[in-house]
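Protein chains in written order, with the working numbering: chain S, 608 to 738; chain C, 628 to 1186; chain Y, 26 to 341.
You can trust all of the hints, since none of them are fake.
Examples of chain Y residues lying across from chain S (beta carbon under 8 Å, computed): (1) Arg-41; (2) Thr-48; (3) Leu-130.
Just a sample of chain S residues kept apart from chain C, beta carbon distances all over 12 Å, derived: (4) Arg-610; (5) Ile-694; (6) Met-695; (7) Pro-708; (8) Ser-712; (9) Val-736.
Simulated crosslink set (EDC-like; lysine to aspartate or glutamate; CA at most 16 Å straight-line): (10) C/Lys-1103 - S/Asp-706; (11) S/Lys-681 - C/Glu-760; (12) C/Lys-1083 - S/Asp-637.
By construction, these hints were calculated from the structure, which means they are not laboratory data.
Note that beta-carbon positions come from the ideal geometry of N, C-alpha and C, so glycine has one too.
Okay, here's what each chain looks like letter by letter:
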Amino acid sequence: MKRPIRVLVAKPGLDGHDRGAKVIARAFKDAGMEVIYTGLRQTPEQIVEAAIQEDVDVIALSILSGAHNTLFPKIMNLLKCRGAEDIMVIAGGIIPDEDIPFLKSVGIKEIFTPGTPTSKAVEYVIENVKV
Amino acid sequence: MKDEDYIGKIKEESSKWLYQCVDKVKEKYPERKEKFMTSSGIEIKNIYTPDNIADLNYLNDLGFPGQYPFTRGVQPTMYRGRFWTMRQYAGFGTAEESNARYKYLLSQGQTGLSIAFDLPTQIGYDSDHPMAEGEVGKVGVAVDSLLDMEVLFEGIPLDKVSTSMTINAPAAVLLAMYIVVAEKQGVYLDKLEGTIQNDILKEYIARGTYIFPIEPSLRLTTDIFKYCSEYIPKWNTISISGYHIREAGATAVQEIAFTLANGIEYVNAALKAGLNIDDFAPRLSFFFSAHSDLLEEVAKFRAARRMWARIMKERFNAKNLKSMMLRFHTQTGGSTLTAQQPDNNIVRVALQALAAVLGGTQSLHTNSRDEALALPSEDSVKIALRTQQIIAYESGVCDTPDPLAGSYYVEYLTDQIEDKALQYIKKIDELGGAACAISNGFIQKEIQDSAYRYQKEIEKGERIIVGLNKFKSEEKYHGNLLKVDPQVGEMQKEKLRKLKTQRDNEEVKRRLSELKEAACGQENLMPKIIDAVRVYATLGEICDVLRSVFGEYRENIIL
Amino acid sequence: MREVDLENLLLKRDKRAIAKAITMAENGDTKVYEMIKNLYNNTGKAYVIGITGPPGVGKSTLTNEIARFLLKDNNSVGILAVDPTSLFSGGAILGDRVRMSDIALDENIYIRSMGTRGKLGGLAKATRASIHILDIVGMDYIIVETSGVGQSEIDIVKASDTNVMVLSPDMGDDIQAIKSGIMEIGDIFVVNKSDREGADKTAAEINFMLDLNSKSNWRPPVLEVSALYRKGCDTLLYKIKEHRHYLEKTGGLKERRLKNLRWEILEIIIDNLMKDLSEKISQENIDELINTEYAGLTNPYMIAESIYKNLKEGFK
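Make the full structure from the sequences, and use the hints.
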């Protein structure tokens, strides 16, 4: 049975630049997904709790503050502790190329750097979530 | 202006030209697009003539530089006197590292400092707060207490530089620290020159580093207005910012409309607090963005100046000409830079900087080419600064004020932008002012819609960004990227721990409880904050006291 | 997760299990109805509060405040926040959670955002089943926030014990338009954003309408509240409890729940019928009929009558 993909769009860290998060949230919605948007300054605990309670298929993280190397592993770790590592995690924002291998090694599936069209992220989610 | 026959004749001739000339050529060689539009959605015609600005009254609508309504600039001689202040926004890591970067920039011919603080500082958390984890020193310098501020300005005489600080929610605290550092340097407060951003409304709209709800935040803002008008007369008490609104996706029209609407809200708050318009209005300053649509940007700056002058004179009855002058800082558009082929950004920045100069800016920050990738490296910052110097010394555009005035197109655009921005301001007035239009999400929604439209235009190829959706090439950037030492957080924590054993903790407690009492009442909080800062109460401690009285803002999201 | 495990985990109030069960309900997975059937003995303890009202009046912020107070009194709370699904894309932005971030980490709370997925009436298709699930896991209170599309949102009345109708002073003339329709559905009226100008006037208008309309012994109170500035929420909570007490004392609660039960049974039957129907008559087989048996005819009554007759035969 066809059902909408559920995505949590979350902004970890303290930066308030939510233009990208809001644009991608709308792109997911326009592609027929249900998007739960959490707002600014979400801690890893809040993000994981929301993902679990909302039973999302995907967590899309947006960060521009540069704190990704600290916060992303924490999120992945919490997901594992809660037995929710089946939730796919993707990320976007200002993330230097050299940090990407590390972030992928902790379990972030894909990272979209500045200039990526929203359609690419949308396609990625549709292809990789089993509905 | 011109007599009617003359305009009539031009009208006649231009329609002849259109039918006989243009249409014929278009048949054979169609134009590139069906419709030409500026970034704000103003349609661009195939020609502009005196007919399009027939209603323009030179003396009323433009006037002379340094004279009302300041369309042509706020100083009579503009850059013939002196250039704008070249001010690069910088700061990262610890106070020691940033202090070294400032000294370097000053030695390279920069004429003012612009301090970037890290996010915990901007949101009023000490470096040892759990929310600060991973953020300390990342996007700016970490300042936890007066101790850090002393290091930050070590060897920089505060009566010799003008300092701009990008700080909003806890602006009062950082200003207090600056004041105490000046005292310790033996500098009189009336010698201090600089700006604090102190613009909380745009934080709710676009930038996100708010702490308290709107009402108490506006009280802090007006407390600063009051304090500075008495003690630091040369200080710009606020920098009402369109920059971040634009970065969040607003069009040029929305940028100035929402910024001036915020300005109106601050003026109303100050009047309500009992201040006299001409006592604080001369110290209000503005901060805009410059994007690549060169002529629209120039028109935007001119329109903003004219609008503010009229708002101040007609709406608020200001008498002092200085109250009517819109003085502004400009930064080139960070969101226009691409991570692809980053060297192209140097050219974008040059165009945008040129727009700011042609628009009559008072100070300018040029972005570095690598900002879509990371914090700017020293090499890139230098090129950005050199870009300003080349415009200043080589381009010749600085040799007469407002050189584009009188261009049929630019004057027409200036009018159009003003009209459209005034419509927004009217709408916001109807909603009860900027604070109401923010709390019900109107302004945020308008910006989001523009941001989404812009993104779709790029993805559909209706808007071309070189290197991004056209003229693409696979190449890696080989420049050095700045890496912030991940140990900064630990170092700051250690500093805090030491500070708390060395300061007079009883005294800190006493000052903080005095501050709390004052916050519950009506009195000006600046003196109490200065007292607390002086005994080394930390930024986080002071903000926690205020949080306990004021509460915290919760965002309103309408997507 | 296997169903047996899921049942056990539900009884332990495992949040992941609750989430999975609600997802099954949302996707029309019939196994979840079996599970609810099995565990139905555990229901009936939760008290259901509906929060309804037009868009932009601050329902989520108010829901957050009510939940905060309930948590403080050691209650467990489940929140179902419904937002409209786009008719065009089938997608939805579910943003209510943003205003509940300060309670979201409490171990006694479960918050779920739901898209209406084409259902009219202000609730999502799976809201009722989700209420049962939250009831089964032992939530003391369940708060259902409706999607806020206007005056047609009356389904909540048929699913709640106490329904709170939220309005705000900045609605202007809109209130005139919806007033007549909403007077019967609120057990408590809240004028939120009481810090704004016009709150007193709005409250007075509602009071006036209520005095004209009031038929039952419970005269709905009209409260001025500022959820954002946390003013008046304690009174609201007191009034909710008072209403509950009134219902329990007068037997109204039993009566109301019976009425809701009737609605629900009817709805389940209609749902099942619709499902069967949609299996039997798709767009394609109507087209087929038009092209073959009724070739040349365009009279909709005639065609429909004929199809319906065949269907009825099929049901027999």
